[in-house]
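Peer 1: Line order of the protein sequences matches chains A and B. Just so it is clear: in the first sequence, position 145 is 145 by full-length UniProt numbering, and no numbers are missing. Just so it is clear: in the second sequence, position 202 is 202 by full-length UniProt numbering, and no numbers are missing.
Under the rule of at most 27 angstroms between Cα atoms (straight-line distance), these lysine-lysine pairs were calculated in the DSS-like manner:
{"#": "1", "chain 1": "B", "residue 1": "K948", "chain 2": "A", "residue 2": "K126"}
{"#": "2", "chain 1": "B", "residue 1": "K948", "chain 2": "A", "residue 2": "K149"}
{"#": "3", "chain 1": "B", "residue 1": "K843", "chain 2": "B", "residue 2": "K859"}
{"#": "4", "chain 1": "A", "residue 1": "K149", "chain 2": "B", "residue 2": "K957"}
{"#": "5", "chain 1": "B", "residue 1": "K377", "chain 2": "B", "residue 2": "K396"}
{"#": "6", "chain 1": "B", "residue 1": "K84", "chain 2": "B", "residue 2": "K130"}
{"#": "7", "chain 1": "B", "residue 1": "K957", "chain 2": "A", "residue 2": "K126"}
{"#": "8", "chain 1": "B", "residue 1": "K962", "chain 2": "A", "residue 2": "K126"}
{"#": "9", "chain 1": "B", "residue 1": "K38", "chain 2": "B", "residue 2": "K84"}
{"#": "10", "chain 1": "A", "residue 1": "K149", "chain 2": "A", "residue 2": "K126"}
{"#": "11", "chain 1": "B", "residue 1": "K358", "chain 2": "B", "residue 2": "K396"}
{"#": "12", "chain 1": "B", "residue 1": "K98", "chain 2": "B", "residue 2": "K130"}
{"#": "13", "chain 1": "B", "residue 1": "K328", "chain 2": "B", "residue 2": "K377"}
{"#": "14", "chain 1": "B", "residue 1": "K486", "chain 2": "B", "residue 2": "K525"}
Hints are computed from structural coordinates only; laboratory data are not their basis.
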Amino acid sequence: MVPRGSGGGGGGVGGGLLENANPLIYERSGERPVTAGEEDEQVPDSIDAQSPFLHLTHLIRSINDPEHPLTLEELNVVEQVRVQVSDPESTVAVAFTPTIPHCSMATLIGLSIKVKLLRSLPQRFKMDVHITPGTHASEHAVNKQLADKERVAAALENTHLLEVVNQCLSARS
Amino acid sequence: MAAAVGAAAPPGALWGLVQDFVMGQQEAPASQVAADVKSGSYTILQVVEALGSSLENPEPRTRARGIQLLSQVLLQCYSLLLEKEVVHLILFYENRLKDHHLVIPSVLQGLRALSMCGSLPPGLAVSVLKAIFQEVHVQSLLQVDRHTVYSIITNFMRSREEGPFVEELFEVTSCYFPIDFTPPPNDPYGVQREDLILSLRAVLASTPRFAEFLLPLLIEKVDSEILSAKLDSLQTLNACCAVYGQKELKDFLPSLWASIRREVFQTASERVEAEGLAALHSLTACLSRSVLRADAEDLLDSFLSNILQDCRHHLCEPDMKLVWPSAKLLQAAAGASARACDHITSNVLPLLLEQFHKHSQSSQRRTILEMLLGFLKLQQKWSYEDKDEGPLSGFKDQLCSVIFMALADPSTQLQLVGIRTLTVLGSQPDLLSSGDLELAVGHLHRLSFLEEDSQSCRVAALEASGALATLYPEAFSNHLLPRLAKELRRGDSDVTREGGPTKCSRHLYCLQALSAVSTHPSIVKETLPLLLQHLGQANKEYMTTASSEVIAICQSLQQIAEKCQQNPESCWYFHQTAVPYLLALAVQASMPEKEPSFLGKVLLEDEVLTTLASVIGTATTHLSPELAAQSVTHIVPLFLDGNTSFLPENSFPSRFQPFQDCSSGQRRLVALLMAFVCSLPRNVEIPQLNQLMQELLKISCQHSCSFSSTAAAKCFAGLLNKLPAGQQLDEFLQLAMDTVEAGLGSGAFCNQAFTLLLWVTKALVLRYHPLSSCLTTRLMGLLSDPELGPAAADGFSLLMSDCTDVLTRAGHADVRIMFRQRFFTDNVPALVQGFHAAPQGVKPNYLKGLSHVLNRLPKPVLLPELPTLLSLLLEALSCPDSVVQLSTLNCLQPLLLEAPQVMSLHVDTLVTKFLNLSSSPSMAVRIAALQCMHALTRLPTPVLLPYKPQVIRALAKPLDDKKRLVRKEAVSARGEWFLLGSPGS
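Bound conformation, chain A alone (with noise of 0.2 angstroms):
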């Protein structure tokens, strides 16, 4: 099937109390497959981005918007191409993309990517996450401050920032 308004264009912005009301919906991937070499106990998997359904890409494509009730998958925030994995290196990069080039949530999304990523991969793992390249109007300020791990520890301080990070990543109802 082709979802609705997947053939391309910007989302308008809508009025009221949204941003961006009316954003373009994608479709959302399934659960990825299970291959005969996951059920085998003896054949390692490694942490990759690479298969069709990525199992870095599952981990985070299912954060909701703060504004939306939609996954960040669905609103095509995340994708899997612009998630990188190295797990002999132990490196993770992920590029999001604001809905809008003014989205003021770009921090808070961010910052609940950086959250889910460091509740559930290993320590060893070094994580990147920053904006797609040229699609936020304050793009160094926000990968700034989400680079700088004080900052990010200073955030889930916060009550009430913990809250919206938590609701963001509470599993879909």
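With chain A held as given, fit chain B onto it using these hints.
Peer 2: Positioned in the frame of chain A, the structure of chain B alone reads:
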């Protein structure tokens, strides 16, 4: 009421009761008065008279009390009233409606009593309703009084007099729409929001007379911003269409269409879209159904033209943005009636066909073809009496050419849609010409041999061949079977000598194509001999036939046997042709030979014999008892007496004596006998049963080849299960028990004796035979046997699971549906007791046996029993056996979700054990342990919080597990633990 009745109670007493009720504020006198009226002590008229002064009292509370007494009496005595009295009382009460608002509730109660009178003179109901709506503002009454009004209306509705009050009735009911109600906590009535929605919808959609008021309201609510209001309105509209006609809908159609279209085009909610489409479907169905007066305009055509007008241009837009919503709307309308379907299809098909050619990309063509497919599918709903008139006939050639283009396209996705479309088009009667069919079969043939990476397409092509072959057997017989036969022959000479992987898979695909297309009796008559001959050919030629090759042929036969089951004629044909042939091949293979052909050995391999047995079983289960009886008179003598006369090739170098034979080869064929006799209907008499049973027992316990002895034990058990209760059965059982005991004592064949015990126990457990408990106890006793203990523990798994070859419902075995529950109730206490009493070394056997029983039990049955087993389950978590661990975790996981309070008492043990098991060497145990860690988060948060830091630290380790499936569970468990007690969760 007879005024002449002798007054037993003097009016003075009545007056006293009235005073006590009205002025004395006592409640009891009311029922006393009612009882007196019922017994005839005084009349209603006398009660009214006695009330006289209180009804004229200047104090409204006193007047209310007076009316209340009268109303309460009426509520109990309304059935005694005469028509004349009813008229008077109604006039009185109507007048009282003008009184003070404090009086109104009692007045309404009285009217409610009167509304229940059977003898209601015509017109009075109207008059009462008129008075109520005129004098009282129902919407502002208290809830209990509103309820009284609805009761009055409901009572009158039975006499269908709502006529003049449609609008008022509508107003007092529709003010609740849409229902916005959250049940209060501790609501004793347990009313749910959904109950109210459905009840109100039933009222609103009860009559077409509400239409002019309801439809504008529904449109308004669909246009609102609230999701629940949209859904409720669309569903109510859907319900209304069941009773409305053109007349009611006429004025509102443009607005209704505009609202539905907007919702489907714009909504992000799948439910709104689905309800919108359903409403459009019902609207169209309603318009299609309406009976028209001769001069009336048919609204259906104009309505459909409107829909087409608004949707068709979206189908042609190059960016295809609103293509799907438009197609769904059109299909919802077209699915409503044959006329609607005709109208829309004849407009849309040429458009889509044109679009297909305009677009050149495969992905766009696929979208267009998928839409076409949707419209073609709708055609199947309507059968056209007049064959030439089908709306598709004019487009047939164009449709075929589009489908063939799709089938030839390199894109798998487009091919897949092409195959589905071909199947749907083919199902239209008398549409495809023989030329079309020849081309179609050619395409399907090509697609059936696609390579590995187009697996889905190949499977779809096989399915399509099967579906179309039922309709066009000749086309497939003429154009497909010769090609497949040639392919098979080429395989005979090539494959095994120089067969690269490509040729091997081509050969396999050919076998699959042969079975897939065998959906019509006439085709089976060609494919079955072809495959049997192919199998026999392999026997004759000396070549390195692999067992996988023979198994592939047998699987193909198996699939054909399954397809033949539903058709008695094909079923008998298959049985009669295949079973003797396969038996002959097997008997031939089992003969002692100087130079055994390779196939000879291959045919006797465990796996091959099992597959052959499966074909024979499948070819037998669906036989009618008469035909099965015919077959059994050949096959049993073959095995018992070596009578080979019915086999197609029966010149064998030596006798066939599987029960006497000292070489193990012939004995192995008992597996084939088992497949046959254990699949027979229960009422088929088996010749020489006594001898057969004894022979089976003999080889089940006297030979070291476990394949033959197990087959014999299973065969014995399968026959035992079907025997009617009685002396014969008891004797066989006694014989079996003697054999088992002798074997268990002998040492040399104790494993065989155990297998026999196990299968006989199963046969009896399934049919609730009284002796089954004895045998189960014997089996349980073996749990502490140092040699057989582990096997006995695993035996419980066999007892509780469904077999595939013998003792199956399909094979007519006596299988009671609740046997697992019964086994659980009868045996688990003893298992638990046995566990506690057993020496340390064999305790795991009991736990394992218990695990098998618990694991196979349906969860709803298991849950209430688990708390009593909890301490045992917690102990089982420390058992080193990974089967026990896994099964225990599987039992505990639902318990954590369903009974968190009980489980929270053991939180310390649970956390520790689960975390330990999350690093088990077994992947399945690690996964289950992590799922339990996840389920633990359902326990009350305060209980868990002390463990949170420890758990989060510990769960970091499985995040780096080498298996992805384990990591996945670790991520979700750890994520949930992070949220515990954290803001925003």
